[in-house]
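So the chains spell out like this:
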Amino acid sequence: MIKTIDLKKTFTGRGQTVYAVDGVTASVSPGEVVVIIGPSGSGKSTFLRCLNGLETFTSGHIVIDGVDLADRKTDLNKVRCEVGMVFQQFNLFPHKKVIENIVLAQMTVRKRDRQEAEEKARMLLEKVGIAEKEQEYPSRLSGGQQQRVAIARALAMDPKIMLFDEPTSALDPEMVGEVLDVMKNLAREGMTMVVVTHEMGFAREVADRVLFMDQGKLVEEGTPEHFFTAPREERTKLFLKQVL
Amino acid sequence: MTFVILFLLAASLWAATKKIDYTWRWNRVPQYFLYKAETFEEIPFDGRILSISSVHGDSTVAYENESGEKFSIVVETDSLRVTEGEDLFDGDSIGSNSEWKAGPLTMGMLMTLWLSAAASFFGLIIGLVTGLCRVSKNYTLRSLSIFYVEVIRGTPLLVQIFIFYFFLGTVLDISRVVAGVSALAIFAGAYVAEIIRAGIQSVPKGQTEAARSLGMSATQNMIYIVMPQALKRVLPPLAGQFISLIKDSSLVSVIAITDLTKSGREVITSTFATFEIWFTVALLYLLLTSVLSQLIAWVERRLAVSD
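Heads up: the protein sequence lines correspond to chains A and B, in order. Just so it is clear: in the first sequence, position 190 is 190 by our numbering, and no numbers are missing. So the mapping is simple: our numbering equals the position in the second sequence, first residue as 1, plus 1000.
Each hint can be trusted.
Computed list of lysine-lysine pairs in DSS-like fashion (alpha-carbon distance at most 27 Å, straight line): (1) 111(A) x 1205(B); (2) 1205(B) x 78(A); (3) 1205(B) x 160(A); (4) 78(A) x 111(A).
It should be emphasised that the hints constitute simulated quantities derived from the structure, not laboratory data.
Let the sequences and hints guide you as you build the complete structure.
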């Protein structure tokens, strides 16, 4: 479903070249939940943002559902419809009510009529457990509720893949659970997910595969069982010793 | 405390004018807002008054000419100058009708209002377009908009008005009002453009990322996500800009557009009530600007519901 081949992303500034993503080759199959972990600045978020074209990459290929993002003729907007994204900072539209947040892209991008879009929005709000907040503005919601709205907003586009960029990092500890629960349900329903997170518990419980990145490189990958109990690489062992 | 200080200030001003022997004649001012204009009704031929009937202060006068054709006319009873059976000659006055007419100060204020409204409207459009060009990825659009903003901000409005009227007005053969409005609009547009640019750049990047990640195009993102938030943020500075525009519109009086300032000057030449008229003119500008700022404050309150 997703395939990256020797993906490289470099930033140049002040005469220095930084390899944010340095030759990552990975793949995600349909229905798989892949969790990417690694220390800060290891390029996990940049890698994730490359996957839906929010970040342009320097070289290599990303093939999503048979479409190569490196091909200049690819319509990125079309690809993005199929790849939902959830951000660390939620990024809800503050000037629109919760329901409008979810309806807007359905109407403008998917060209659904209002009634259909609202039905879909209500159904999704029900699913993430905040149906009663549909007429509120995002600023009146707690962080956890905002993030669940953001998930509903992404799901409303019927994406084939969901990307999560540290979805719980900006939340108060007591709200992390409610967001993770929504994500677990989603995983159980068979959604293809790529999750960048620091929640090791989530990785262990939900992930089909764990990728460990450091300094832009894919250091190790494997099942959570293998990864958390018997890591091969020294760098992985060191990291796990610090976080667990 | 504020009132005490203001009162003392007013009192000292009054004392100062006493000292220079200025006679205040405020009673001369109202007639320049609204006055009664009289039009005299004359008989267009030699003839005779047949009858006069009065109802509610108006009189219907029936008269005939020498060949016996009958006519009638309505005048105000107070102004009636003829009696029944009287013989009249061509051009004799029967009476008069009066009606309320707007004086020069009212007309000037309407002109100022109209000038500022038109200039604000076009200024906003110019500013929006230029502001968008200013943040565009296209180098030509960006540098052209920077050039425009720098040229307009760097030259005095008075000089721009002269250039518009004497140079462009002559070359393109445009009227003084068009020249005045365009000078004001182009002047305001440069400032509005900078305000709009600041507004667009103040919207967090995450908003654009969220919109784009949902598959929206750059244009849809601008229309539905960035612009509504940007406009809400720039409303206070925009209000300030339009208030300045109302005041700056007084400069077009130099190209003989009869706006509030020029009407004030004209009224002074016939009344010599210099102090009164200028105070009145200042108050009228204050009236226009405070109505505008109240209006914008109201819009701001309405948009604040999502905070």
